[in-house]
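Participant: Here is what each chain is made of, one letter per residue.
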Amino acid sequence: MNPAYYVLLVIIILIFLFLYVVSTYVWNKVVKQNAKVETMDSKEKSGERRDFLHISTLTIGAIGTATFMWPFIKSMNPAEDTLALGTTEVDISNIEAGQSITVKWRGKPVFIRKRTPVEIEEAKTTDISLLPDPEEDSDRVKKQDWLILVGVCTHLGCVPLGQKISDSKGDYNGWYCPCHGSHYDTSGRIRKGPAPDNLAVPPYKFINDTTVLIG
Amino acid sequence: MENKNNSKKYKNPFLNWIEYRLPIISYFQKEYGDYPMPKNANYFWSFGALLTICLVVMIISGIFLAMYYTPHIDMAFESTERIMRDVSYGWLIRYIHSNGASFFFIVVYVHMIRSMYYGSFKYPRELNWILGVFIYFIMMVTAFLGYTLPWGQMSYWAATVITNLFSAIPFVGDGIKTWLLGDYTVGNATLNRFFALHYVLPFVIFGVVALHVAAVHVHGSNNPAGIDVKEPKDTVKFYPYMLIKDTLAFCVFGIVISAVIFFGPNLMAEVDNYIPADPLVTPAHIVPNWYLAPFYAILRAVPDKLGGVLLMFAAIVILFIIPWLDRSKIRSCSFRPFYKWLMILFFINFFILGYVGLKPATGNYLIIARIGVLYYFCFLLIISPFMPRFEKSIILPESISDIYKKNK
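Going down the list, the protein sequences come from chains A and B. Quick note on the numbering used here: the first sequence kicks off at 1 and runs consecutively. Quick note on the numbering used here: the second sequence kicks off at 1001 and runs consecutively.
Next up, chain A with everything else stripped away, as it sits in the complex (with noise of 0.2 Å):
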């Protein structure tokens, strides 16, 4: 049971609540009409009881062409197969300090980077203040030594550079997006450029000391 189905569930409730309270209010007048007088114009009468018809006939219709609709908008999101491909296992025990590897999660890259000590060092003293999205080192890391970043730049979507030890780390000595120029640092928070947000953190954990679990 995923959240969808408790709105569905819950539109349904409605759906029948409000047919019940319409058809309730609409047939009591009705009564109450009838039982007032014959004076009343037959005419008048039955357009009453129409009302009635008309709308639990469309309430009706309106229940099933939603049901009808359900499993076809459904069908539209990620199939089983798709989904069961939404977590990665990465064995990272070859990984030496300083390196980064590149993975890839839901056909994204994610950049998994065992961090030096002074990289640890720069990214906790930095002072976060002066940061574009001010966030603690702390915060974005479930192991000081290892960085886990989704390597899409927050700006337009590129992927940043920094991976290859040829690769230009940007001023910070972290990633720098070569698409307009935006600047991260060792622990892939925004430093300069365009890009709005911090590299995002994926959802990970620790199954042991050499493997992650990423999704």
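If you're looking for bench data, these hints aren't it; they were derived computationally from the structure. We treat Cβ as the ideally placed atom computed from N, Cα and C, and that holds for glycine. Hints may contain errors.
Here are the simulated distance ranges between beta carbons [stated by the list, open to error]: (1) Leu1306/B - Pro78/A: 50 to 56 Å; (2) Ile165/A - Ile1275/B: 50 to 56 Å; (3) Ala4/A - Asp1228/B: 53 to 59 Å.
Go by the hints and put chain B onto chain A.
Facilitator: Same frame as chain A, but now just chain B:
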């Protein structure tokens, strides 16, 4: 102009604005609101509306299936299975589509039987009948193309058998077959073009349906008595009487089709189609879809290749000229005491042909098929044109309202 006065006929100014520029509101009011239906129309007259709904449901479910289907010989079967197993509600959409096709034909057969029994095809509705048979023909083509797409054993061999029909044409047959397939046998090129055509033909059907409906609205609907509407009291307005009747018919239809979709989705399917296509092995027993089976029986009833193909196409083409074969001025079979039973026998015969078409073409089945073919053509070419000379019909009622007076 007179219309100027009419440009302010609705309370809502927006409707007036539209109406003045495009009189679509008054068109719908005229054709689906005040449209006079003969008041003796029975539930057989709801099947036209059901067909329209079927077509729309088929188009919608087909579009959603096409979002996940891959028309390639290596991936078609897997992508279909992926729809069944992995895509959210893919199983439902595919079952709606496959059973929808069967029900589309059930409803279209009832619609055609209605039309023949009550003489709806006669003057002045001949063109309507021709358009209808044309729709039926494109439906059969579309259904056949769609049956190929899942690329199971039945798909592959149905495509092979049907396209081989064209090789029966003398001299140019093989050339035409190769041209249709785009390959020496049914291959990837064939699957691709079948998918392209299967996607587009329903929209062609939709267009012809629009003409079909427009044509019936010119002279109005026929009725079970088959006599012309003479005065307003012979009719009721489409809204609300017919709309509510069609809605009820649709509800019943919906229950039946849902029951099949949810509890017996493979009732009308062949199990062999869940085996991936294999060009090297033909299944022991190839069967067409039930709705094409009568014509398949006609094809197999003839011991000659070209003869069988010609007779099968003749069986379809002859439907187009039915309005000129039945010479009787009386429309409804209700007033033709003897012809009525021959007509009913024709319908039963058609479904017996269908049953035989699903069985192996040997022994008794072959004999039944031959008798069936004989009656099919005898009825249309001999009984229909000459019956009016011998049959004494029951006297027709004066008008539709008269029918109700007599009952009282």
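Participant: Does each hint hold? Answer for all of them.
Facilitator: How the hints compare with the structure:
1. A hinted range of 50 to 56 Å holds for the C-beta pair Leu1306/B and Pro78/A, which are about 52 Å apart.
2. In this structure the hint that Ile165/A and Ile1275/B lie 50 to 56 Å apart at CB holds, the actual value being about 54 Å.
3. As the Cβ distance of Ala4/A to Asp1228/B is approximately 55 Å, the hint placing it in 53 to 59 Å holds.
In this structure, every one of the numbered hints holds.
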